[in-house]
Amino acid sequence: MRDFDYIRPASIPDAIAAAAEPGSAYLAGGTNLLDLMKGGVTSPQRIVDISRLPELNRIERLEDGGLRIGALVRNADLAHDAAFAKAYPMVAEALLSGASAQLRNAATVGGNLLQRTRCSYFYDTASACNKRVSGAGCAALGGENRLHAVLGWSDACIATHPSDFCVPLVALDAVVEIEGKQGRRHVTLAEFHLLPGETPQRENALEPGDLIVAVRLPAEAASFAANARYLKVRERTSYAFALVSAAAALVVDGGKIRAARLALGGVAAKPWRARAAEAMLLGADANEATFASAADAALADASPSGDNAFKIELARRIVVRALTSAQAGTPERLPALPASPFSNIPGARHDA
Amino acid sequence: MTLELGLNQQPAHLRQGSSIGQPLTRRDGFLKVTGAARYAADNHPPGMLYAVLAVSSIARGRVASLDIEAAKAHKGVVEVMTPRNRPALAMDPDAKDHPFMFRLDLLQNDEVRYPNQSIAVVIAETLEAATEGAVLLSPRYEELPARVGLDDAESFVPRGVGVGNPAVQHKGDVEAGLKSARTRIEATYETPAQYHNAMEPHAIVAAWDGDRLSIDTPSQGLAMAQGRIAGLFGIAPQNIHIRSPFLGGGFGSKGMISGPQVLGVLAARLVGRPVKLVLRREQMYGPVGHRAPTRQTLRMGMDGQGRLTAIDHHAKTASSTFDDFFEPAADASHTLYASPAIATSHEAVRLDTGTPLFMRAPGEATGSIALESAIDEAAHACGMDPLEFRLRNYAEVEPMTGKPFSSKALRECYSQAAKAFGWASRPLQPRLMRDADGFLTGWGVGTATFPALMFQAEARAVLRADGSGLMETGAQDMGQGAWTAFAQIAADGLGLDIDQVDFRAGSSDLPNAGIAGGSGHTATAGMAIHNAGAAVVAKLADLATENKASPLFGAGNEGVVARGGRLYRRDDENRSESYAEILTRAGLTEVEGRGKGAPDPASQETYAKHAHGAVFAEVKVDPDFGQIRVTRMVGAFAAGRVINPRLVRSQYYGGMIWGVSFALHEEAVTDRRSGRIQNANLAEYHVPVNADVPSVEALLVHEDDPHINALGIKGVGEIGVTGTAGAVANAVWHATGVRPRRFPIRIEDLLA
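Top to bottom, those sequences are chains V and F. Its first residue numbered 1, the first sequence is counted upward by one per residue in the working numbering. Its first residue numbered 1001, the second sequence is counted upward by one per residue in the working numbering.
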C-alpha cells in the first residue's frame, strides 16, 4: 500500500483547506474510492476524511417547499425515509435498485454523484484510458464495449456514469450545493457532470478543494409524486449496473400532459436529461403514440460506440415503459424488486 | 486448535436410529457461522511474513525488466523473489510425468504465457508493504500478439480429452443414420470461459523446519498435493504436513496444488521464515484453472416416430499453449439418449490463457447445455413434447457401450419432477404463455447425468475401552458437508452413536482419503470408513467370541452385530456385551482396524454407472426488454443411497443455481486484443444473487444400487449443474420462440 496522509478535519472550512492541496481526495463512504486505491487506479497523497463532519447528514425541509439532503446522508437512510419516499418515489426506487444492501448502508449522497465510471478499461491500469492518464488513448474503443455509451460520447471516451440515484435527480432539476474556497455556490445537476469531449479526465464542475455539502430538490419536484417511476434493465436482479435505465415523471390532467420529466441512465458519461422528449410530451395526449415519439426524440442523437447498438433500441423501449408506468400512477408501495421490470412478482423481497 | 473445539461436540445432533439417512445439520456449521472455523489464511505463526504475487499484465511475451531495487527500498519489504533468486527445485515445473501432473509457473524463467501469470513474489513484514512492493516492480515486457479466441489459432485433434478419453469416438454409422432420418436438426452452441470463483481465494501459510514443511492451505486432494510438493522440493512426502480442515469452496480449482500455492512454499524457503500468500480475486483468473470455452455443433436425425437415428456431437475447445486439458464436452452424448449411431469428436486450439482444468461437471456441464438444447430442437422438429421425446429415446442400456446400468431411476425422476412442476399443461408451441402481468412465460426440461465414480481411499478406525470410537481419514470438506456425512457413516460403521465418535479429517497425516472431486468423495472415502469400521468391529468380535467369559462366546465373528456400542448375538438379542466390557476384559485400551475404498473392477467392467436426474424450469421474460428471470425450478435426482438428505438437497440446490448461472450469467469477458480478462471481480463477473433464484425444489428419488459399492452411494456434487442449464435455455425458447445458441443468454439476443 502506498503511504498517504490521513486528515480528519473538524469543520467544513478545515476540510476545504486541506483538500485544496494537490493530490487530495475526500473520503466519505469509501465504497468506490477505496477500491480505486487498492487497484492502483487512483493514488491520492492525502485523504481528507469528511465522514464525521457535523451537519452534513441531515435531511431538511426548506421553507420554499424544497428539500435539502446533506452530502453525508447514507443512500439507505435516504431511501428508507418515509416522507422522502412519499414525495420523491422514483428517487427512492432508484436508490434501492443500486448496488447491494451493504453498499447502500455505507454509500453517501455526495459520493454517489462523484462515483467513477465502471468502464473496465478505466479500472485496468494496463489499458489505455484518457480518464486515468490524459492523452493515453481509449482502449474501450474497439474493445469489449457492449455496456458503453450511446449518447454524448467522443473518440476520447465512451464510458458511462453508473449512478441510478442521479437519473431521477437530474429529471427533477436537482441542484448541487458546493462549498469551496470562494464560498458556497449552486450548480444544477444537469450541468454538474460533464460530457467527455476532448477532456474526459474532467468529469464534473468541481474545482480543487470543492466539497459537495448538499443536494437540493426544488419545491416543484414533489409535484410529480403521483406519477413517477424509475425502471432499470440489467442482467441480474440485484447488484448489477444498469444496461439502460429511465426515470419518468408526469403531471396529467384530463388526458393531457401538463408537465413531464424524463432522464436516462447507463447511456452517457452523465445522467441524461431528455429535454427534447420532454418538450414533445408537454401538452400532448398521454398515450402510447406520444410516448413512442418521445422515446424517438430522446434517442434521436444516439449512436453506438461499439457492440452496443442494442442499447439504443432497448433505451427507446424503456422510455416508453417508464412513461407508461408513470402515467399508470406511482405504485402504492415501493415495489418489492425496486425498478425491476419484474417488480410485481409475488414473493420478491425489496432487500434482495 | 479449533478443530478439536467443536466438530464432535455439537449438542444439536440428536437423532433417531442409525446415522445414515438422517438429515443432520452440518457439524461444522456452528464454527462457521460464529467465525470460529479456521481457514488457511486465518493462520498466523510467529515470525510470519506476507508474500504478494506480482502478475503479468500481458498474455504472451517475456518480462524485460523489474525494478527490484525500488521494491526492496520500500519500507517493510524483506525480499523479492524472481527467477534469479528463486530457491532451486528438485524437478522442472514444466515436467509432466503423468497426465494429471499439470505444469506450474514457478518463476522458472522470464517467459509470460498468460495474463495474471506470476512473475515475481514480494515478501514483506506487512501485507500492505508487500502489495506496494509488487506495484513498485513496474514490470516492462517484450510483448507478442495474444491468441484469444477459438478462431485465433490452428486447431488440432487432441490425443485425449478430460481424464484421457479418446477425442474421437463412434458407434454405428452416423452419416447413414442421418441420411435415413425423416427429420434432421443441426445447431451450433457456444459457451464462454468461466472461472471457479470460490469464495475463499487460494491461500497458503507455509513454514519450513529444516527439510520438514508445515502448510495450511485449502486442498481437495491432500495426498496428491503432498506428493506434488514432495516431488518439486525433493523431500519425502511424510515430511510435509498439510492442514486443510475447511475449504471456502473448491469446485475443482483446489483439486491440484496450484502454482501460487507452491510459490508461497518457495517464498518461505527463500526467507527462512513462515510466509502467508493469499491470491487477490483478480489473480484467481489465470493460474488456478478455469472452464474452457467451447463451440459445439450437434446434428441429429429422427425417424417418423421421433426415435433418434443418429447423434453427432462435435466440440471445439481451447487449452493453454503449454499444457493439455481438453474439456470433454461432446462426451455428454455417450450416456443419455438411445441411438443406433453416435459419434463424438473434439478439436482444440492453444490460446494464451492459463491452463483450463476441472470445473464443476467438467465436460458434462458444457456438453449438457448443448445436448439438452439440441434434444429440445429435435423434439420441436418432430412436433413432440420435449419430455415425451426424451422418454421415446430413453436409454435402457448405456448407448455408447451397450452396458447395462448398475441402476437407473431416471423415469422416476422425470415423472416425479414433471408432476411436482405441473408440466402436463404445457403448450407445445413457444410464445403462447403469458402471466397476469404480461410477461412471456416458458417451461423447459433438461436431463441431468453424472458418472458415479470411485477413486482410492483409506481410513483408520479405533474402538476405545471407554466405549468411544475414533475414525480417521484425510477427507476434505469443501463446504459440501463431508465432516457430517462421513461422521454419520463412521458412526454406523463403528456401531456407535455419532456423539461417541471422534471423527478426524482434513489433514495429510491421516490416511489418504483420495480426492474430493469427480462427485466420488462420499462413495470412496465413505467406503473406506465403512470398511475400517467393519474391520475394527471384527477384531472386537474376535475378542468376545473367543473368550469363554463373554456372553458372546462361540457365536463366531459372523454371529454378532454391532449396535449402540454393544455387540449382540445375531440369534439371541438378550446376549450382548458392551465394547468397553470386551476391551477391559482383554486388558486393552483400544483396538484398531483399517479399511479401503475403491471401485470394484469386475462391476466396473460389467456395468455403466451414472447418477441421473430431471430438471424443469420456468422462466419469465419481459417481452420488450428481453430481461429473463427464472421463477421456478424443480429437479428430481436419483443417485443411489442418500447419506444425509439435508446436505444432498443442498448440493442439488447449489448445482441447479450453478446451472442458472451457466445459462444466464457467467462469462469471463476477455479483451480480444490484449487477452486480459476485463471482469475479473465479483461485481462484474456475474453469478446469481438470491433474487435470481426465487424457488428451487430438489426431490430425492429412491434408488437401490447393488453394484456400485456396499453402501450403494453414487455422487451428488456435480449433477445438479447438468440438465438445469439446458432446462433454463429451453424455457427461454419456450417463452420467446428465440433459440439461445450462445451462453450466457444476453438481452440483445432476445430483442426482436
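Don't take each hint at face value.
Looking from chain V toward chain F, a few residues come up when the C-beta cut is under 7 Å (computed) [as the list claims (entries may be wrong)]:
#1 ARG2
#2 ASP5
#3 ARG8
#4 GLY40
#5 PRO44
#6 SER120
#7 GLY143
#8 SER238
#9 PHE310
#10 ARG317
#11 PRO341
#12 PHE342
Just so you know, the hints here were simulated from the structure itself, not pulled from any lab data. On a predicted model such as this, the values are computed, not experimentally measured, just so you know. Backbone N, C-alpha and C fix where the C-beta goes; we use that ideal spot for every residue, glycine too.
Do the hints match the structure? See the list:
1. ARG2: holds (6 Å)
2. ASP5: violated (15 Å)
3. ARG8: violated (20 Å)
4. GLY40: Holds, because the Cβ-Cβ distance from GLY40(V) to chain F comes to roughly 6 Å (cut-off 7 Å).
5. PRO44: violated (14 Å)
6. SER120: holds (4 Å)
7. GLY143: holds (5 Å)
8. SER238: holds (5 Å)
9. PHE310: Constraint on PHE310(V) satisfied, holds at 4 Å.
10. ARG317: holds (4 Å)
11. PRO341: holds (4 Å)
12. PHE342: holds (5 Å)
Violated hints, listed in ascending order, are 2, 3 and 5; each of the other numbered hints is respected by the structure.
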